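Enquirer: For reference, the chains in residue letters:
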Amino acid sequence: MTDISSTGRRLPDRLDNPLKSVVMSWESLLVLVALAIFLANSFASPYFLNAWSLSDLTFNFTEKGLIALAMALVIITGEIDLSVASIIALASTLMGLALQYGADTPTLVAVGIAVGLVCGAFNGFLVTGLKLPSIVVTIGTMSLFRGIAFIILGDQSFKGYPKEFAWFGQGYVWWVVSFELVLFLVAAVIFYVLLHRTNFGRRVFAIGNNATAARFSGVRVDRIKFVLFCLTGLISGIAAVLLTARLGSTRPSIAEGFELDVVTMVVLGGVSIMGGAGSIIGVVIAALIIGLVTFGLGLLNVPGIVMTIFTGSLLIVVIALPILFRMYKERRA
Amino acid sequence: MNRLLKSRETWLALAILAVLVLVTIRFPRFTQPGNLLTIFNDTSILMMLALGQMAVILTRSIDLSVASNLALTGMLVALTNAAFPFIPVPLLIAGCLVVGAALGAFNGILVWKLNIPPIVVTLGTLTIYRGLAFVASGGTWVNASQMSTDFIQLQRGVFLGLPVLSWFAIVVAVLVYILMTRTPWGRAFYAIGVNPVAAVYTGINVGRTKFLAFVLSGALSGLAGYLYVSKYVIASTESAGGYELTVVAACVIGGVSIAGGIGTVGGAILGALFLGVVNNALPVIGVSPFWQMAISGMAILLAVVLNATSERSKGRIILKKAEVAA
Numbered sequence: 001m002t003d004i005s006s007t008g009r010r011l012p013d014r015l016d017n018p019l020k021s022v023v024m025s026w027e028s029l030l031v032l033v034a035l036a037i038f039l040a041n042s043f044a045s046p047y048f049l050n051a052w053s054l055s056d057l058t059f060n061f062t063e064k065g066l067i068a069l070a071m072a073l074v075i076i077t078g079e080i081d082l083s084v085a086s087i088i089a090l091a092s093t094l095m096g097l098a099l100q101y102g103a104d105t106p107t108l109v110a111v112g113i114a115v116g117l118v119c120g121a122f123n124g125f126l127v128t129g130l131k132l133p134s135i136v137v138t139i140g141t142m143s144l145f146r147g148i149a150f151i152i153l154g155d156q157s158f159k160g161y162p163k164e165f166a167w168f169g170q171g172y173v174w175w176v177v178s179f180e181l182v183l184f185l186v187a188a189v190i191f192y193v194l195l196h197r198t199n200f201g202r203r204v205f206a207i208g209n210n211a212t213a214a215r216f217s218g219v220r221v222d223r224i225k226f227v228l229f230c231l232t233g234l235i236s237g238i239a240a241v242l243l244t245a246r247l248g249s250t251r252p253s254i255a256e257g258f259e260l261d262v263v264t265m266v267v268l269g270g271v272s273i274m275g276g277a278g279s280i281i282g283v284v285i286a287a288l289i290i291g292l293v294t295f296g297l298g299l300l301n302v303p304g305i306v307m308t309i310f311t312g313s314l315l316i317v318v319i320a321l322p323i324l325f326r327m328y329k330e331r332r333a
Numbered sequence: 001m002n003r004l005l006k007s008r009e010t011w012l013a014l015a016i017l018a019v020l021v022l023v024t025i026r027f028p029r030f031t032q033p034g035n036l037l038t039i040f041n042d043t044s045i046l047m048m049l050a051l052g053q054m055a056v057i058l059t060r061s062i063d064l065s066v067a068s069n070l071a072l073t074g075m076l077v078a079l080t081n082a083a084f085p086f087i088p089v090p091l092l093i094a095g096c097l098v099v100g101a102a103l104g105a106f107n108g109i110l111v112w113k114l115n116i117p118p119i120v121v122t123l124g125t126l127t128i129y130r131g132l133a134f135v136a137s138g139g140t141w142v143n144a145s146q147m148s149t150d151f152i153q154l155q156r157g158v159f160l161g162l163p164v165l166s167w168f169a170i171v172v173a174v175l176v177y178i179l180m181t182r183t184p185w186g187r188a189f190y191a192i193g194v195n196p197v198a199a200v201y202t203g204i205n206v207g208r209t210k211f212l213a214f215v216l217s218g219a220l221s222g223l224a225g226y227l228y229v230s231k232y233v234i235a236s237t238e239s240a241g242g243y244e245l246t247v248v249a250a251c252v253i254g255g256v257s258i259a260g261g262i263g264t265v266g267g268a269i270l271g272a273l274f275l276g277v278v279n280n281a282l283p284v285i286g287v288s289p290f291w292q293m294a295i296s297g298m299a300i301l302l303a304v305v306l307n308a309t310s311e312r313s314k315g316r317i318i319l320k321k322a323e324v325a326a
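These protein sequence lines map, in sequence, to chains A and B. Position one of the first sequence corresponds to residue 1 (our numbering), numbered consecutively onward. Position one of the second sequence corresponds to residue 1 (our numbering), numbered consecutively onward.
Keep in mind that the hints were calculated from the coordinates and are not lab data. Everything numeric in this text was worked out from a predicted model, so none of it was measured. We treat Cβ as the ideally placed atom computed from N, Cα and C, and that holds for glycine. Treat each hint with caution, since some may be false.
To be verified - SDA-like mimics (lysine to any residue), calculated; alpha carbons at most 20 Å apart, straight line:
(1) B:K113 / A:L324
(2) B:K231 / B:L302
(3) A:K131 / B:L302
(4) A:K159 / A:G102
(5) A:K163 / A:F179
(6) B:K113 / A:K159
(7) A:K131 / B:A308
(8) B:K113 / A:R332
(9) B:K113 / A:V317
(10) A:K131 / A:R223
(11) B:K113 / A:L321
(12) B:K231 / B:L306
(13) A:K131 / B:L306
(14) B:K113 / A:M327
(15) A:K163 / A:L97
(16) A:K131 / A:R215
Unchecked claim - Which stretches of chain B does chain A cover? Using the computed rule of at least three CB atoms under 8 Å from a CB of chain A, they are:
(17) 111-121
(18) 133-145
(19) 239-251
(20) 284-293
Based on the provided sequences and hints, a complete structural model is requested.
Expert: Structure (structure tokens):
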């Protein structure tokens, strides 16, 4: 899925350091978009500027945003993981199964996270061990993981999660600040440091820019990719815990279509789908934008499927704008 | 003979035969000609979509918007038919081809002129087109009672023992085969996939060729839109939901390389047929339909593993083959 004729939107050496030129960066464009939508929301609905409604807003993106953080790293290395939503479905199903055998809350959480990790490792093995293209592998595991959930559950659902378990998806850490939001912010900081401030992060960029060159300079390309797939699986497991706790039930169709929303967040956040470029700050703002758009349109009673027109157009317009601008400048020069 | 044994299509055909034989051992009626024709007919729409997708994948792109294109075009044609039942169906089909091609052209323009990666463009249009289907219908369904008899019955008509729907698939397959193996366009698709830089030096316009692949994929999705709606006699926003990845899966199983440049019309058809046969066989042998997803997932993974091993040993010689054929 590479295209030599299209270049990344920015130079990779600048991308290691997203705060370097704050003014003319992708992130500032995203902040402007976010502010515009925020203002539009506050004018459009009198119910928007209210601590509780702003807090509800965060539930629109925290689970997907968490996965987007890990997915950003995978995409920066030039791979992709389309199975994340199915990992959620499988992890959630097995948590429900554990519940039937009387598992308590800590066990449920452990099951969810462990299933995510195992699924991620399976993807990672197929991609790095057998050297298969990740887009096809994860289309396959996407059907496989959700298929297993369907085999286990059929058209049933698991209900009756313990009260303490519900806290993960519905609990508040401080007044209106939900546990999900805090977890997302903490994870964002961890991923920021990991990608932009460590050698590991530098290697991730190196792989995305030129995997062969990275290999020759001593980067263990396959091991890093494997770790990243495990990480994405693990985070999807955590997201499964959050989502299951929030909904209070498990169906095999849980989180359907999440994978495309997650990829949309990552790409909107300025991560090049070709690999080698991107920043965590961009992804966080993009997640916020998606949350703002869906919540704002929800306040205006716009049906869910029409919202997708806005998110899809946003994705294309935000990415096309700088390109059109550059073409316009080149034509005038 | 040697080449025949090594070819992907032979093995896939054998795999399909094996499934058929295994099922027939227990349920002899499964392979009665009538049922085989039904399976072929059921798979026709997937086949057409897979052929369009193959053209796109050959050029190192991907079209994730096919199912949404199908839903939108299908909705538009059903609404048109409901509102103006006197418009002849062939005219409606032509309209579907044009609308579908226009939606594909929108993808193609963004890829060609703005150089946005195809996966990003079609991820966006995937949501846009399906959303537009909702807007067009106002969220309602168009059901059988609103559709005209011609609209519903056209594809059910039988011509030379085959339903018209199957003939649509056959005609599309023949046309795409001719396009791929007998025209400069076909060679351009392969050339770009094998080596885009070399393709530029041979005078191929890479962007325009990709654009054409998207237009082809869009036009076939549009046609599939009419066929889908009239086959299931309902047009809803959810038509063919999530189908885009099944289409990609059919291509992958059929040996189309996701890295571009490798793939044949026969392979894409057999890939779609394989999914069709498996899906039809599961309920017959008493496997619950809930297994279907897991089994197609396994089939995809198995196909990729086989693909990867055969590609490594053979290298990309498909262009040579195309040259020999031409």
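Enquirer: Each hint should be assessed against the structure and marked as holding or not.
Expert: Here's how the hints hold up against the structure:
| no. | hint | verdict |
| --- | --- | --- |
| 1 | B:K113 / A:L324 | holds, 10 Å |
| 2 | B:K231 / B:L302 | violated, 31 Å |
| 3 | A:K131 / B:L302 | holds, 13 Å |
| 4 | A:K159 / A:G102 | holds, 12 Å |
| 5 | A:K163 / A:F179 | holds, 15 Å |
| 6 | B:K113 / A:K159 | violated, 51 Å |
| 7 | A:K131 / B:A308 | holds, 8 Å |
| 8 | B:K113 / A:R332 | holds, 18 Å |
| 9 | B:K113 / A:V317 | holds, 14 Å |
| 10 | A:K131 / A:R223 | holds, 12 Å |
| 11 | B:K113 / A:L321 | holds, 13 Å |
| 12 | B:K231 / B:L306 | violated, 34 Å |
| 13 | A:K131 / B:L306 | holds, 12 Å |
| 14 | B:K113 / A:M327 | holds, 10 Å |
| 15 | A:K163 / A:L97 | holds, 17 Å |
| 16 | A:K131 / A:R215 | holds, 15 Å |
| 17 | 111-121 | holds (count 8) |
| 18 | 133-145 | holds (count 3) |
| 19 | 239-251 | holds (count 4) |
| 20 | 284-293 | holds (count 5) |
Of the hints listed earlier, those the structure fails to meet are numbers 2, 6, 12, in rising order.
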